[in-house]
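A.B. asks: Protein chains in written order, with my numbering: chain A, 1 to 98; chain B, 1 to 114.
Take these hints with a grain of salt, some might be off.
Pair by pair, the computed Cβ-Cβ distance ranges are [as the list claims (entries may be wrong)]:
{"id": "1", "chain 1": "A", "residue 1": "LEU15", "chain 2": "B", "residue 2": "ALA2", "range": "23 to 31 Å"}
{"id": "2", "chain 1": "A", "residue 1": "LEU4", "chain 2": "B", "residue 2": "PHE72", "range": "38 to 46 Å"}
{"id": "3", "chain 1": "A", "residue 1": "ASP62", "chain 2": "B", "residue 2": "GLU101", "range": "17 to 25 Å"}
{"id": "4", "chain 1": "A", "residue 1": "LEU4", "chain 2": "B", "residue 2": "ARG84", "range": "40 to 48 Å"}
According to the in silico footprint, chain B covers these stretches of chain A (three or more CB under 8 Å from chain B) [unchecked claim]:
{"id": "5", "stretch": "3-14"}
{"id": "6", "stretch": "24-36"}
{"id": "7", "stretch": "40-51"}
{"id": "8", "stretch": "57-71"}
Note that these hints are calculated values from the structure, not bench results.
The beta carbon of each residue, even a glycine, is placed where N, CA and C say it ideally should be.
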Amino acid sequence: MFTLFEIIILSILGLAFALSVVRLLRGPSVPDRILALDVLSMVALGILGLYASATGDPAPLDVAIGIAIIAFLATAGLAHYYLTSNQTPGGTGDPDTN
Amino acid sequence: MAWFTQFLLLLGSISMLLAAIGLLRFPDFFTRAHAGTKAASLGAGLILLAAVLPLSGQDIAVRVWLTIFFVFLTVPVAGHLLGRAAYLKGLPQWPGKNHDEWNPPAEKENESSS
Numbered sequence: 001m002f003t004l005f006e007i008i009i010l011s012i013l014g015l016a017f018a019l020s021v022v023r024l025l026r027g028p029s030v031p032d033r034i035l036a037l038d039v040l041s042m043v044a045l046g047i048l049g050l051y052a053s054a055t056g057d058p059a060p061l062d063v064a065i066g067i068a069i070i071a072f073l074a075t076a077g078l079a080h081y082y083l084t085s086n087q088t089p090g091g092t093g094d095p096d097t098n
Numbered sequence: 001m002a003w004f005t006q007f008l009l010l011l012g013s014i015s016m017l018l019a020a021i022g023l024l025r026f027p028d029f030f031t032r033a034h035a036g037t038k039a040a041s042l043g044a045g046l047i048l049l050a051a052v053l054p055l056s057g058q059d060i061a062v063r064v065w066l067t068i069f070f071v072f073l074t075v076p077v078a079g080h081l082l083g084r085a086a087y088l089k090g091l092p093q094w095p096g097k098n099h100d101e102w103n104p105p106a107e108k109e110n111e112s113s114s
C-alpha cells in the first residue's frame, strides 16, 4: 500500500487542493472561481496519477482522461457564459482586500 | 527507475503546491491566471508522466500519453478564453502593471507615430 513517501506527496497535493478551495470560496470575481475550478481538476488529475503510480492499478488513469476533457469543456463553457452575461465584474479592485 | 518516478512525483506535487499558493496570493485575476494555468498543467503532466513510465508496453500507456498531450494542449486554450472574457468584461487589474499590449497607453502610440 502507500509508503511514507507517497503519503508525503499526497499531503502536498491535499494542501494544494485545500488552498484552491479557499480561492474558490473567497474569489472576488467569477473568473477567479472558474480558474480555481480548473486548478482543482488539475490537482485531481495529480491525485489520480499518484494513486495509479502507488498501487500499480491503471484503472484511475481512465478517469483522468475524463476529468481532463470535462475540465477543458467546463472552463471554455463557463468563460463563454461569463462573457455573454450581463453581470458586472465583481471584486473591489483593491488588491489588499481580495 | 524507481528513484526517477519518485523524483517526478515530488517535482509535480511541488509545482501543484506553487500553483495553489500563487492562486491564493497574487493580487488580481490576470496574475492568478498566470500561476493557475502554467504551474498546474506542468504539475499534472509530471505526475501523469510518473504514472505512465512503469506502464510502458500496455494499452493504457497510449491513453495516458494522449492525456498528457491533451492537458498541455487545452489548458492554455482555456486560460486564454477565460483571460479574454475577463479582460473584455473590464475586470479590475493590478495597479502596478506597467504595460497593456492589447490596449496600449496613448502617449506610447504618439511616440511611435511621430
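A.B. asks: Against the structure, test the hints numbered earlier, and report the numbers of the ones violated in rising order.
C.D. replies: 2, 3
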